[in-house]
Amino acid sequence: MQIKPNGNKKAVIFYEYLFLILMIFSSLVLLYFYKYNNISNEYKILLDQITKEHKVILENEFNDIRSDIDYLSSRDILQLLQVNSEKLKKDIKKDFFNYMKTKEKYDQLRILNLNGKEIIRIDKKGTFPVLIPEDKLQNKKERYYFQDTLKLRPDDIYISQLDLNKEHGNIELPIKPMIRLAKPIFDKNLNFNGVIIFNYKAKKIIKKLQKSAASYNLNMSMFNKQGNILLYEDDSLNWSFMNKDSKVKFLKQINKSLWDDISQYERGLFENERGVFYIKPYFPYHLLLNQSNNILSDNDKKWYIVLSKNSKDISELALKEVAELIPFSIFFLLFGMIAIWKLTEFRYNLKSEEEKTRIASMTFSNTAQGIMISDEKNQIIQVNKAFTEITGYHFDELSGKNPKFLKSGKTKKEIFKLLWKELKEHGVWEGVLWNRRKDGTVYPSLLKINIFKDEKGNLKNYIAVFSDITEQMNTQKKLEAKNLQILESKEKIEFAMDELKSAQSQIIQSEKMAALGQLIAGVAHEINTPLGAINSSATNISNAVDNILLKAFTLVQELPKDEKALYIEIISEDLSRTHNIEFSDLRRIKKEVTIRLNEENIEHARRLADMIVTANLEEKIEKLLPLLKSHRAKEIIETFSKMSSIVLNTSNIGLAVSRASRIVKALKNFSHKNIDDEMVYGKIADGIETVLVVYHSQIKREIILTKEYGGFDAILCHFDELNQVWTNIIQNAIQSMNYKGSLSIVILEDEQYQIVKISDTGIGMSQEVQEKIFEPFYTTKPIGEGTGLGLDIVNKIVKKHNGKIEVESKIGSGTTFTVYIDKNLGDDI
Amino acid sequence: MSDDLAIVCVDDEEMVLVALRQQIEDAIGDECIVEVSTSGEEALEIIQELVDEESASIVLIVSDWLMPGMRGDEFLIRAHQICPKVEKIMLSGQADDSAIKRAKDEANLREFISKPWDADHLIGVIKDALKIKKNNILG
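In order, the protein sequence lines correspond to chains A and B. Taking my numbering, the leading residue of the first sequence gets 1, the next gets one more, and so forth. Taking my numbering, the leading residue of the second sequence gets 1, the next gets one more, and so forth.
Since the hints were derived computationally from the structure, they do not count as laboratory data. All figures in this text were calculated on a predicted structure; none of them were measured in a lab. Glycine included, each C-beta is placed from N, C-alpha and C at the ideal position. Possibly wrong hints are sitting among the right ones.
[Said to hold, decoys possible] Derived coverage of chain B by chain A (criterion: at least 3 residues anywhere in the stretch with Cβ under 8 angstroms from a Cβ of chain A; other residues may be distant): (1) 73-84; (2) 104-117.
[Claimed, not checked] Just the calculated beta-carbon pair ranges, DEER-fashion: (3) 619/A - 108/B: 38 to 46 angstroms; (4) 506/A - 45/B: 33 to 41 angstroms; (5) 565/A - 102/B: 32 to 40 angstroms.
[Said to hold, decoys possible] Taking beta-carbon pairs under 7 angstroms as the criterion, some of the chain B residues facing chain A (in silico): (6) 6; (7) 19; (8) 23; (9) 26; (10) 99.
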């Protein structure tokens, strides 16, 4: 059997709970039936008992009645009937009257003569007797009780039905259940003389019977022989047969089964679905005469008294008793549930413990690792299957022996020392031992020894678990050899990679230098031009200074007063202005000035005009006229011209120097190599400008250059390497146009990139060429002009900037390179 | 014919023209006027104008070689076609040997002077040219 999963355990508990609940429920049900039965039986006994009680009550009552009748009959009624003595009559009447006074149960007493005429009649008003006067006495000859009584023998008594008294045809209220008793009166000769009649009020006796039943919570019903209802559980049906308006006159109309039982069985104790009941017929005649051999109307006058207890009432009682047990049942249920839960837990724990032990035992037998257990003296007490498979020894051969004999001698002694030391200190050792099999072969075993101690901490067992690791050792050796090979290859590859890297960096540098070499002549021109200008301007200044200082000084001293003032004014106010005339306008202005001077008949007009324009005084001619007309005009204007030239040449030197230094700086930037390979902040536009300065001499001839730089921010980049990108593309553009055409450089920006579009109007490329241009060593240039590494390197540099290059080209109309440089490279770091 | 003499200088760099003009004027300003231009095309117009108007006699043409548009050798060749007798020198930071040779062959280039130039040497050349011109006029 397997350990059941937890879900099953829950199911088991569930079913056990269900069983417990059902059991308690069915116990309660059984208990109910038992109780019901018990109660029924109790009531049966009661019914029997009360019925007997009823019988006694009725017998007593009817005995009384009997003795009353006997007593009154024994009075000398004959005398009353036969003798007409008023006094006697009066005495008898008085006697009767007194008697009636004491007998509450009789309602009326009458004596009728043989003709049916009332001789004496005593009624009752309430409990008080009233003697009816003679004139009010009636003849009742035709009444059934008179006629019936006539038929009786001397000792018989007539007994009427038990019914309600009627007055003038209506039921008297409050109802008066009544029995009429009559006895014929005979003389000595057995001649019929008259009848004595009692009206017996049954109300009291009925009450008494009811009370007796009610004292034991029994229902009592009464029916007459015909099945009319006299008394019933439902009071409204009492005496209903007397009521003309009532539809229910017979028991069978409302409770047919009861009537069937009555008419079928007549008497006895019964139990059925309605409950328990006792049917008992009473024969008033028997009661009265204490005999059963009646003559008349015996059967007709009988009543049935049914005492009963309804099943509904019994079951209520039973339920009530059962209900008293419910709290206890709930307690029992809860207790049971807890007990079941605990028991199940316990059972499962027990089971899982057993399973664990079984699994452990199975594992012990079936594991591929050899296991050897020895006792505190290190004598072998158990080994598993794998042990035998590895070592070749069976348990029988080993039992009780010391494991020493497994040793091969190959294991170093230090290892055993360590083993025992570790076991002593930590209770566990793990390592490799070289052991010998039964067949003599030596093998390495990976071994773990644990010490097992009892609760008191005394050493009980050594447990050794081991594997034969011969295979693993061989594999490991192979792996180590392989690994060594791999490491060696890796080092070689890394070395090669390093070499390649440094080669690439050298290539980039030499590409750059190659480009520079091609440019060097142009660059020389670019530098020599400002140098020439500087040199000449310096000479010019020096000449001017030499010439004019003395001349100006002399002029100031020698000029007439007016001219002197004007001369000084012009020097101080007008000469310092910078030259702002376009060269193309120079000739025109000079001509105009010459014409003006000629108009004034001034000598050396052209030379003077030259100098005036040089001195930037062309607009001050009118002011100058007095000096121009002076005989020393040429000297004066010459000093102006020289002074102005000092200013002009000085500024020229400044311009030239800045030009030269711009070129030098660009060259420096261009050839610079960033050794650290670190990124720096730089503006793309600055890099492009550097390249353009270097290429200025090539571009300026016949290439129209348009630039849209957009003024974007500096980005983190490999600035020097990007110069290599611009150099390559711009150089290709210039060369493809054969130094003639339009070169457009546009810088754009989007979310991620700064984008450089470099377009030329050169010869363009075919699709095939476009596909190859980024391959290393591909070139369309003549041998010696390009290494073919340019765009390959460009591509690498751009990729280093997380970017890309797109080429768009059409043969005959030009090429556009679009370079995307990631502007957020710094964010990744 | 005017007695004025003219020297025409062409260079795309104004700084060179400023320095050159002053230098020449300082040396021989009394005898010559200096016409300057930043491009060969414009310079040709000036030369044509001077020749047509006969307002001044051109003594010397000085030209840079590396310029946008028309290069120095081409300019001198075309100037030579207008005034073949005028002396021509090239003053440049750098020039193709082939271009110099072509100018010599086709424009009777007198001398190539490289920038930065020696002022005395340049003026010497100019003065020589002037002397020749004067002799021509006198002769």
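Could you work out which of the previously given hints the structure breaks and list their numbers from low to high? 1, 4, 5, 6 and 10
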